[in-house]
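Number of protein chains: 2
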Amino acid sequence: MTIRYPNGKRFETSPKSRKLPKKTNEITYSNRGMTLEEDINTTNEWYLETGKAVIHKKPTPVQIVKVDYPKRSAAVIKEAYFKQASTTDYNGVYKGRYIDFEAKETKNKTSFPLKNFHDHQVKHMKEVLSQQGICFILLRFSTTDEVYLLDATHLIQFYEQMADSRKSIRKSDVERYGHLIKIGYHPRIDYLPIVDEVYFS
Amino acid sequence: MTIRYPNGKRFETSPKSRKLPKKTNEITYSNRGMTLEEDINTTNEWYLETGKAVIHKKPTPVQIVKVDYPKRSAAVIKEAYFKQASTTDYNGVYKGRYIDFEAKETKNKTSFPLKNFHDHQVKHMKEVLSQQGICFILLRFSTTDEVYLLDATHLIQFYEQMADSRKSIRKSDVERYGHLIKIGYHPRIDYLPIVDEVYFS
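First to last, the sequence lines map onto chains C and G.
The numbering of the first sequence is the UniProt record's numbering, which starts it at 1 and goes up by one.
The numbering of the second sequence is the UniProt record's numbering, which starts it at 1 and goes up by one.
The following block holds chain C by itself, in its conformation from the complex (with noise of 0.2 Å):
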């Protein structure tokens, strides 16, 4: 048995040395099995690019317990672990205000299972919502490659009656809360015109 830690997943070393498939001329916009996490990296690095937001992700958290200081080299950690992250995993700037998001991604398609998201998040959630920062996620139904925005007021509300209620979020509930976003080629998630539609308007 393998225990995989923190959150199931196996850790992937990096995300450009996945193997990709090849390329061709045409110009595909299915989702070419790019992970969730690599087309927001890539929409946000073209917000950063084009001048339009600042935001990033933060670096997974590890407890580091031996590193190494060889001569001549770079220090090289020996020995460290993966630490449960006390955040959501976005944040940055955009006319101003502050944005925090956590990007998540299903292969269920009639809803979205909860446990995809921890009491630390939601307490994070709630903190940045009482200092009247832009907080929500991103909901991926990867079958039917859709992205949602749902606002965190709504993730609280689902994650609190969980013990009560459901596991899990419908996703008429999602369609009737959330905000469906256009998915396109490059930037892939461009989630900014729903952010400016949800709290600029």
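Please keep in mind that the hints were generated in silico from the structure rather than gathered at the bench.
Watch out, some of these pointers could steer you wrong.
Which copy? The list can't say, so a pair holds if one copy fits it or any two copies do.
To be verified - Cross-link-like lysine-lysine pairs, in silico, DSS-like; alpha carbons within 30 Å at most:
1) Lys95 <-> Lys109
2) Lys171 <-> Lys78
3) Lys71 <-> Lys115
4) Lys115 <-> Lys66
5) Lys182 <-> Lys83
6) Lys71 <-> Lys171
7) Lys57 <-> Lys83
8) Lys71 <-> Lys109
9) Lys66 <-> Lys107
10) Lys95 <-> Lys78
11) Lys71 <-> Lys107
Could you slot chain G onto chain C? The hints should help.
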């Protein structure tokens, strides 16, 4: 020769593992061997607990090369390297505004060496300013335990003049353009009143 990477200092595995002087019953306002990072982290924890602001230090960025997945226990990172951070260390939200800063200390008494900052950090500060984020640096002169808040615009100016001019910021310039933060016991480095004064009034 030991190459220390990436900031010329050996990595401290955990602030809590460092030996602190034994506590006496006497409350002391002296520095007690705490690093600037530890002081800011405890200050930020206090801001979080008291609902004043949500500001976190970003995890140390690490390039993970090899991970073992032992049976029945947590994944162990067996080979990893420190990466240069692409942003500043601290960010978060205060009264709806985006806050972003870097904190550095020097033993120098008369000036603050600019080698404490890197090109990519200065680039990031410009990007934050262009999105109307609040961006500054906290500078500690450790021999006198004085901490100044200096708006990023000043740092950027000194940094960009470096090739034709000084490789450090004169302490008199830090005093002129910066704002002295009152050092206390709890929180240690109460920078939000200065943020109010500089950015919210």
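Evaluation of the provided hints:
no. : hint             : result
1   : Lys95 <-> Lys109 : neither (35 Å within a copy, 38 Å between copies)
2   : Lys171 <-> Lys78 : neither (44 Å within a copy, 40 Å between copies)
3   : Lys71 <-> Lys115 : between (45 Å within a copy, 23 Å between copies)
4   : Lys115 <-> Lys66 : between (32 Å within a copy, 27 Å between copies)
5   : Lys182 <-> Lys83 : neither (34 Å within a copy, 34 Å between copies)
6   : Lys71 <-> Lys171 : neither (56 Å within a copy, 36 Å between copies)
7   : Lys57 <-> Lys83  : both (16 Å within a copy, 14 Å between copies)
8   : Lys71 <-> Lys109 : neither (54 Å within a copy, 32 Å between copies)
9   : Lys66 <-> Lys107 : between (38 Å within a copy, 28 Å between copies)
10  : Lys95 <-> Lys78  : neither (42 Å within a copy, 41 Å between copies)
11  : Lys71 <-> Lys107 : between (48 Å within a copy, 27 Å between copies)
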